[in-house]
Structures are given as C-alpha cells and as structure tokens.
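Chains as they are written, first to last, in our numbering: chain C, 1 to 99; chain Z, 1 to 162; chain E, 1 to 611.
Mixed in with the good hints, there may be bad ones.
To be verified - Subject to a maximum C-alpha distance of 20 Å in a straight line, what follows is the list of computed SDA-like cross-link-like pairs (lysine to any residue):
1) K184/E x G543/E
2) K25/C x F90/Z
3) K184/E x A598/E
4) K25/C x V91/Z
5) K25/C x L151/Z
6) K25/C x Y593/E
7) K25/C x G543/E
8) K25/C x T587/E
9) K25/C x G153/Z
10) K25/C x V150/E
11) K25/C x Q589/E
12) K184/E x Q591/E
13) K25/C x A70/C
14) K25/C x L152/Z
15) K25/C x E153/E
16) K25/C x T2/Z
17) K25/C x G588/E
18) K25/C x T24/Z
19) K25/C x F63/C
20) K25/C x V103/Z
21) K25/C x R86/C
22) K25/C x F54/Z
23) K25/C x L97/C
24) K184/E x T203/E
25) K25/C x L147/Z
26) K25/C x K184/E
27) K25/C x D592/E
28) K25/C x Q591/E
29) K184/E x F541/E
30) K25/C x T64/C
31) K25/C x F541/E
32) K25/C x I67/C
33) K184/E x V150/E
34) K25/C x M37/C
35) K25/C x G43/Z
36) K25/C x F92/Z
37) K184/E x T587/E
Since the hints were made in silico from the structure, they are not lab data.
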Amino acid sequence: MPLQAYLVLAALVFAIGLFGVLTRKNAVGILLGIELMLNAVNVNLVAFARFRDDLAGLIFTLFTIAITVAEVAVGLAIVIVIFRVRRTIEADHLDLLRG
Amino acid sequence: MTEIVGFWVAAVVLVAASLAVVLTPNLFHAVLWLAVALVATGGVFLLLDSPFLFAVQLLLYAGGVVTIAVFAIMLTERLVGESIRQTSRFVFNGAVLAAAVFVGLLGFLLQAGAVARPAATGDQLRDLGRALVGPFAAPLQLLGVLLVIALLGALYFARTED
Amino acid sequence: MRIGSPELALLVLALPFASFLAIGLIRPLRRSGRPAAAISIVAMAGALLGAAAMSWEGIPVARALNPSVLWSWLPADGGPMASVGVWVDGMAMQMCVLVTLISLLVQVYSWSYLADEPPPSLGRYYAYQSLFAFSMLGLVLSPGFLQMFVFWELVGLCSYLLIGYWYERPEAARAAVKAFWITKLGDLGFVAGIVMLWSATGTFDFWPLFQAAESGALHVDGLTTIMFLIYLGAVGKSAQFPLHIWLPDAMEGPTPVSALIHAATMVTAGVYMVARAYPLFALVPSLLVLIAWVGAFTALLAATMACVERDIKRVLAYSTISQLGYMMAANGAGAPEAAFQHLTTHGVFKALLFLGAGIVIHHFHTNDVFRMGGLFVQRPWVGGPFLIATLALAGVWPLPGFFSKEAVLAGVLQAHLSGPFLMLILTSFLTAFYMFRVVFLAFFGHAHDHHEHPEPPLTMDAVCRALAALTLALGLRAAVAGPHAEGPVWLSWISLAWAFAGIALAWATYQAGVLDPARLSAAFAPIDFLARRRYFLDAIFAGAYRFALLSFSRVVGWIDRYVVDGVLNALSAGALRAGDTLRRVQTGQPQDYVYGVALGVLLLLVWAQLR
C-alpha cells in the first residue's frame with residue numbers, strides 16, 4: 001500500500017478521536033478520545049519511519065507511547081481526585097475556569 | 001498481496017473500533033473497544049515491518065492503558081447494579097468540526113506524490129537498541145525521569161487523606 | 001517736504017520709554033508716588049524739547065528723498081521680513097511736538113488733579129502715562145505698517161489701562177473693556193489688511209509702497225478690500241460710526257486722561273494713519289468717498305447726541321467724535337493736509353476744553369451741567385480759557401478752529417461731495433449750539449449753590465492758561481499768514497454765519513430764556529428721542545456681542561459634552577461591553593477550549609492550503 005493509505009488511515013482515526021474529545025460528557029470518555037488521537041499519531045510516525053527508512057520515527061514512537069502511558073496515569077489520578085471532591089466527573093459541571 | 005489484504009483488515013477493524021469508542025453510550029464498553037482499536041494498531045505496525053513496536057503496543061497500550069482506564073471507571077462511577085450511561089453533547093457540531101479537520105488533512109495528504117516503499121534493511125531491533133543507548137541516550141534518561149515523576153504524581157493524587 | 005534728524009527722533013522716543021521702565025520696574029520708586037510723577041514729567045519735558053529741536057532743525061528737501069531710517073527686525077531669505085525704524089517727515093515732526101506738548105501739560109495738570117490719590121496709584125498712573133507717550137510717539141514715527149500696528153496695539157493697551165485707572169469702580173472697568181473690544185474689532189480689519197498688503201507686495205514699509213503707488217507700479221488685486229480693511233482700524237480707533245460707542249464710556253477715566261488720549265492723541269491715530277497712508281488710499285477713490293460719507297455722518301450723529309447730554313465730559317466726548325468725523329471727511333475728500341491741520345488745532349483746544357472741564361468739575365463736584373452756573377463771575381480766569389476754546393471749536397474767527405474747519409469744508413467742497421458738505425455745515429451749527437449750551441449753563445446764569453469754593457490749584461490753572469494762549473497764538477498766526485484754503489470766498493462767511501446762528505440759538509434758549517428748551521426738543525421729537533438713547537447703538541452692539549458669544553460658547557459646550565466627552569464615553573462603554581461579550585467565551589468547559597483549538601488547526605490548514 002502506498003504511504004498515503006497509512007497517512008489517511010491515521011488522519012481518519014485522529015478525526016474520530018477528536019470527535020470523541022469534543023462530544024463525550026464523561027471525563028474518562030474524553031481521555032479515551034485523546035488516546036485514540038495519540039494512537040493515530042503513532043501510526044503516522046511509524047509509516048514515515050518505514051517509507052523513509054529512518055529509525056528516528058520508531059524512536060519517536062517509543063517515546064510517545066511511554067509518555068502517553070505516563071499521561072494517562074496522571075490524568076486518571078486527577079479524575080479520581082476530582083470525583084472524590086466534587087462527586088461528579090461530568091465535564092459540564094467542571095466549569096471552575098468560567099470567566 | 002497479503003500486505004494489501006492485511007492492511008484493509010487492520011484498517012477496517014481500527015476505524016470501526018474507534019467509532020465504537022466514541023459512540024458507545026456505555027463507558028465500560030468504550031474502554032473495551034479501545035482495547036480492540038489498540039490491537040488493530042499493533043497489526044498496522046506489524047504490516048509496517050515493526051514487530052518490536054507491535055509488541056510494545058500490546059504490552060503498554062492494550063495492556064497498561066486499558067487497565068488503568070478500567071480502574072478509573074470503577075472508582076468514579078457507582079457500578080453496583082447499574083450500567084454506566086452517558087450521553088454526548090452537541091454531537092452535530094463535533095462531527096462537523098472533526099470532519100472538517102479530516103478533510104483539511106486529506107487535502108494535504110492527497111497532494112503529495114507517490115512514495116516508493118524501500119527495501120527492508122537490517123536488524124531493526126538491534127539498530128533500535130543501539131540508537132537508544134547511543135544518540136538517543138539522553139532522551140531515554142529523561143524519559144525515565146518523566147516516568148518517575150508521573151509515578152510520584154499519581155501516587156500523590158491517589159493517596160487517601162490521613 | 002522736510003526731513004528731521006533720526007537721532008533726535010530716537011531720543012524723543014527713548015525718554016518716555018526710559019521713564020516708563022524706571023517707574024515700572026523699580027517698585028519702591030513707583031510706590032512713592034510724587035517722585036515717579038516728577039521723573040515722568042521731566043522725561044516728557046525732555047521729549048518736548050527734543051521734538052521741538054527736531055522740528056526746528058528739519059531741513060527741507062526735494063520730494064524724492066526717503067524720510068525713513070530702518071533696521072532689519074525679522075530676518076528672512078532675500079531681505080528682512082519686517083523692519084523697525086523712524087520716519088521723520090514734516091507731518092511726523094508736527095505730531096511729535098503735539099503729542100509731547102499735550103502729554104507734558106496733561107502730566108503737569110494731573111499732578112494737582114490726582115493729588116488725593118494714594119502714592120502707589122499715582123506712580124502707576126505716571127507709569128501708564130509714560131508708556132502711552134512712548135507708544136503714541138512710536139506710532140507717529142513708524143516707517144511701516146507693521147511697526148505702526150505694534151504701537152497701535154500698545155496705544156490701545158494704554159487706553160485700556162488708563163480708562164480703567166480707577167479699576168475698583170465697575171463702570172470704569174467695564175468702560176475700559178468696552179473700549180478695548182470695540183477698537184479691537186477695528187484692529188482685526190487693520191491687521192488683516194496689512195498682512196494681505198504684505199502678501200501682495202512683499203513689504204510693510206511705507207517708502208517702497210508709496211513710491212510704487214505714486215509711480216503707478218502698484219498692481220494689487222483687491223486693493224479696495226485691503227485698504228478698506230486697513231481703514232477699519234481707523235474706524236475703531238478714531239471712533240467713526242459704528243464703532244464710536246466706546247468713546248463716551250471712556251470718560252470714566254480721569255479727566256486729564258480724557259484730555260490726552262480721547263481728544264488730542266490716541267483717537268487721532270486713525271486720522272493720522274489714513275493721512276499718512278494717503279498715497280495708497282488715493283488709488284481707491286471709491287473707498288475715499290465712503291470714508292468721507294462715514295466721517296460726515298459720524299460728525300452729524302455725534303453732534304445730535306451732544307445736544308441732549310447733561311454730563312459735561314460726555315458732551316465733550318461726543319464733540320470729539322464729531323470733530324474726528326470732520327477730519328476723516330477731509331481725508332476722504334482728498335485733503336489730508338486739511339485733516340491734519342484740523343487734527344493739530346483740535347488737539348490743542350479740545351485738550352483745553354477737557355482740562356477746563358476738569359477744573360469745572362472740581363469746582364462744582366458734579367459733572368451735570370444743569371447743576372452748575374455762574375462760574376464765570378466767580379472765576380473769570382477759569383471761564384476765559386474755556387470760552388476761548390469753545391469759540392475755537394465753534395469755528396469763530398480769528399481762532400484756529402475757524403481756519404482748520406474752513407480748510408476741511410473747502411476740501412470737501414472741492415471734491416464735489418455735496419452730501420457730506422451739507423452734513424458738515426449742519427454739524428458746525430450744532431457744534432456751536434451744544435458747546436455754548438454748556439458754556440451758558442455752566443458759566444453763566446444763576447449759581448445753584450452759594451458755597452465758597454477754594455481756588456483751583458495753580459498747576460491746573462496755569463496749564464489751562466498756557467493752552468489758551470497757545471490757541472490764540474495758533475489762531476493769530478493763521479490769520480496773519482493769510483488765507484490758506486483754496487475754497488470759495490463765500491465759504492468762510494457761510495461757516496461763520498452758521499456758527500453765530502448756533503451761538504445765538506444757545507443764548508436764546510439757555511441764557512436769555514426766550515426759547516423753552518423743552519419745546520425745542522419737542523420740535524425735533526424723533527431725533528431727540530433717539531439721541532437720548534444713543535440711537536440704540538450700544539444696545540445693538542451689546543445684544544449682538546452677547547448673542548454671538550453665547551451661541552458660540554453654547555456650541556462649544558455642546559461639542560465638549562457630546563463630541564469630546566461622547567467619544568470618550570463611547571470608547572469606555574464600548575470597551576466594557578466588548579469585555580462583557582468576550583468574557584462569555586470563557587465558559588470554563590474544557591471541551592469548548594478544545595473546540596477552539598480544533599478550529600484554529602482547521603484555519604491553519606485552510607491557510608496553508610491557500611498559500
């Protein structure tokens with residue numbers, strides 16, 4: 001398959017993940033959308049690494065995966081704390097930043 | 001030939017599972033569908049001649065992340081006897097915007113010319129390992145630090161008040 | 001034509017200026033009163049000697065010589081933009097003598113007249129007097145329009161300061177401001193005219209302008225308009241209709257000030273300017289006709305108003321306006337020499353009239369002629385000079401007024417201006433009438449009170465007698481030197497006849513009691529009505545001024561409130577409203593922020609695509 005196929009696939013998954021971030025009410029649901037987006041990025045990176053015969057893309061992917069894992073851990077910890085404090089994790093109710 | 005078939009299988013599974021992740025009302029089901037999507041991504045990696053990354057993906061993503069997400073859901077929803085429901089807001093707006101972003105990206109992607117797939121070179125794993133302790137040693141160490149920090153942060157947030 | 005020494009001219013200028021500086025700057029000197037007065041008088045005497053010497057030494061030269069000496073003042077490319085200097089020709093020298101002489105006599109008179117003033121005020125008075133003398137002399141000796149304008153304004157300032165000398169009196173303060181404003185109206189035209197003239201010809205100086213005018217090389221578009229604007233300055237300063245209304249009110253100042261400024265010197269500056277710039281005015285004969293008509297009309301108008309006045313100083317003020325009209329009519333008729341002649345003679349006997357009136361007022365402690373009477377019997381040496389001056393003003397032979405009036409009438413007649421001529425003849429009748437009305441009421445008839453009044457102070461008496469002697473001398477010299485005027489023989493007889501008719505009418509009405517004044521005024525009821533109310537001109541001016549100023553200030557106020565403040569208020573309100581609107585973007589919902597990011601990315605993609 002040509003490079004464009006993998007790139008289009010990644011773009012599609014990215015857009016779906018973006019849709020999830022924009023529409024989910026639950027905070028965990030939003031984080032799942034973010035997961036999808038990062039996943040799509042990884043696909044993109046590996047595809048480029050393959051088609052340009054460059055190892056850097058793979059390294060980048062490894063790092064991205066590691067960082068994503070860390071981010072998920074911390075993010076979900078925060079969600080748990082919010083739940084403890086406010087007894088809700090619905091995004092609509094978390095509007096403390098309202099101007 | 002096999003590559004084309006494999007690609008289409010993996011692609012369809014991935015896209016379907018992603019759609020399921022974002023559209024399922026039940027959050028728990030969404031996490032499970034995410035696991036499917038992550039495995040499909042691993043398959044894509046395999047198709048791109050990266051077995052190592054396929055393994056890493058399965059271990060960390062499909063294993064670790066999904067587990068964490070499940071735990072989080074457990075802790076934040078009242079589960080007993082209930083199924084976790086949630087509805088989405090402004091679905092139409094989100095769909096339009098996401099579609100617009102996809103179309104925008106598509107515009108660029110389709111403009112680029114065809115790129116030939118070069119021949120698969122040497123031992124990927126060995127080269128990867130050498131790179132990690134060679135030119136990319138410093139980022140690797142920093143990554144370690146980041147993981148420690150994340151661990152500490154998560155511990156701090158999740159502690160019980162004494 | 002005669003030319004005088006510029007060095008003497010500068011000396012004549014410098015002496016009063018030095019006196020002003022000394023009195024003005026050295027505070028203890030000014031506050032001491034009498035010493036300041038002494039310095040001013042001595043400086044004035046020196047200036048008089050200098051002016052006399054300058055006039056004596058003046059050498060007659062051929063016409064083509066430049067009587068001015070200039071120093072450049074405002075530098076510019078291609079020659080100075082403006083120059084200062086002195087212009088010492090026959091007319092200037094005569095004027096210098098007149099100004100210094102009358103100033104000296106007035107200052108000596110003031111020594112006694114203002115003897116009751118506190119010393120600091122007296123010092124202030126003499127500082128103003130010195131400044132005025134310097135300004136008037138500077139005006140007279142100016143070689144160009146710009147310098148003349150500078151001194152013109154200075155003279156106006158001195159008039160304001162001296163009219164408002166007793167500034168605690170609100171009438172005096174108001175009169176001073178009124179004088180300043182009305183003359184300023186004329187000055188606006190004056191400065192506009194001279195600037196337009198400069199922009200057309202490139203110079204302010206008289207010599208090049210007169211040379212060009214006389215040789216016919218002066219081609220300026222709209223010269224009539226320019227000269228009319230310049231004439232407006234004379235209208236204001238020399239109290240021509242309709243800017244004459246400030247002069248009667250200016251009588252709020254001390255009597256010596258009225259004698260000096262509003263009889264002999266400052267008000268004549270307009271006449272002097274027109275006479276001086278006559279070569280330019282001669283190029284616009286239509287304007288000259290206007291000047292003559294306005295002058296004659298002013299003369300008649302003021303004479304009617306003088307007939308109904310009770311205040312002796314106001315009568316003299318209207319008389320001054322009337323005589324200024326005579327002089328301007330002569331200018332307009334193309335006889336500037338006649339105008340100047342009348343200017344000098346009138347300066348002498350009008351100053352005498354004012355100073356004599358000062359003694360009269362001092363004696364009776366009132367300005368109202370109907371409360372006076374019988375002064376001639378009591379004090380013949382006060383009445384004598386006053387009577388001489390009155391006869392001179394009425395135009396009786398052999399006094400100087402007769403000769404100068406005849407010259408004016410002859411000039412007007414020669415120019416075939418029959419309307420102005422008739423007006424001036426009628427005015428001379430009225431002049432004789434109202435002046436002798438005053439004489440009969442104040443000096444003859446029955447005294448209304450029989451208190452013992454003290455002798456008038458010696459200085460005041462002496463000054464009046466000196467002026468009377470001078471008047472007689474001028475008259476006799478003119479009589480002996482033979483007839484000057486080129487007018488027809490019947491003119492002198494007609495003018496004398498009219499004068500005597502006026503005297504006779506006054507005698508009949510006020511002295512012999514043959515005619516009842518009330519019936520006389522009833523016979524001319526409409527004119528009498530209007531004259532008593534000054535033809536409502538004051539009211540018109542005040543109303544127009546108030547209307548213009550108030551409406552302008554209302555407009556400005558509206559602009560300030562609604563435009564200036566409005567802009568600011570709108571800006572601040574707009575800022576507040578924009579802030580309130582923009583704040584709604586901050587919903588606090590994290591997904592909305594993601595919307596923003598996604599939109600931004602989309603825009604970036606579109607923009608990158610379009611590039």
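Structure-based check of each hint:
1. K184/E x G543/E: holds (18 Å)
2. K25/C x F90/Z: Roughly 10 Å separates the two Cα atoms, so the pair holds.
3. K184/E x A598/E: Answer violated: K184/E to A598/E is near 73 Å, above 20 Å.
4. K25/C x V91/Z: Holds - the C-alpha atoms of V91/Z and K25/C are around 11 Å apart, at most 20 Å.
5. K25/C x L151/Z: With a Cα-Cα distance of about 27 Å, the restraint between K25/C and L151/Z is violated, given a limit of 20 Å.
6. K25/C x Y593/E: Holds, at about 14 Å.
7. K25/C x G543/E: violated (79 Å)
8. K25/C x T587/E: Distance ~15 Å between K25/C and T587/E Cα, so the pair holds.
9. K25/C x G153/Z: Roughly 25 Å separates the two Cα atoms, so the pair is violated.
10. K25/C x V150/E: Status violated; Cα separation ~87 Å.
11. K25/C x Q589/E: holds (10 Å)
12. K184/E x Q591/E: violated (75 Å)
13. K25/C x A70/C: violated (23 Å)
14. K25/C x L152/Z: violated (28 Å)
15. K25/C x E153/E: violated (86 Å)
16. K25/C x T2/Z: violated (41 Å)
17. K25/C x G588/E: holds (14 Å)
18. K25/C x T24/Z: holds (12 Å)
19. K25/C x F63/C: violated (30 Å)
20. K25/C x V103/Z: violated (25 Å)
21. K25/C x R86/C: holds (16 Å)
22. K25/C x F54/Z: violated (32 Å)
23. K25/C x L97/C: holds (17 Å)
24. K184/E x T203/E: Not OK: K184/E and T203/E at ~24 Å, beyond 20 Å, violated.
25. K25/C x L147/Z: With Cα atoms ~29 Å apart, K25/C and L147/Z exceed 20 Å; violated.
26. K25/C x K184/E: Violated. K25/C to K184/E sits at ~82 Å, over the 20 Å cutoff.
27. K25/C x D592/E: holds (12 Å)
28. K25/C x Q591/E: At roughly 9 Å apart (the allowed maximum being 20 Å), Q591/E and K25/C satisfy the hint.
29. K184/E x F541/E: holds (14 Å)
30. K25/C x T64/C: The hint is violated at about 26 Å.
31. K25/C x F541/E: Roughly 82 Å separates the two Cα atoms, so the pair is violated.
32. K25/C x I67/C: violated (25 Å)
33. K184/E x V150/E: Given pair K184/E, V150/E holds - Cα atoms ~13 Å apart, limit 20 Å.
34. K25/C x M37/C: With a Cα-Cα distance of about 17 Å, the restraint between K25/C and M37/C holds, given a limit of 20 Å.
35. K25/C x G43/Z: With a Cα-Cα distance of about 30 Å, the restraint between K25/C and G43/Z is violated, given a limit of 20 Å.
36. K25/C x F92/Z: holds (14 Å)
37. K184/E x T587/E: violated (68 Å)
Hint violations for this structure: numbers 3, 5, 7, 9, 10, 12, 13, 14, 15, 16, 19, 20, 22, 24, 25, 26, 30, 31, 32, 35 and 37, all remaining hints satisfied.
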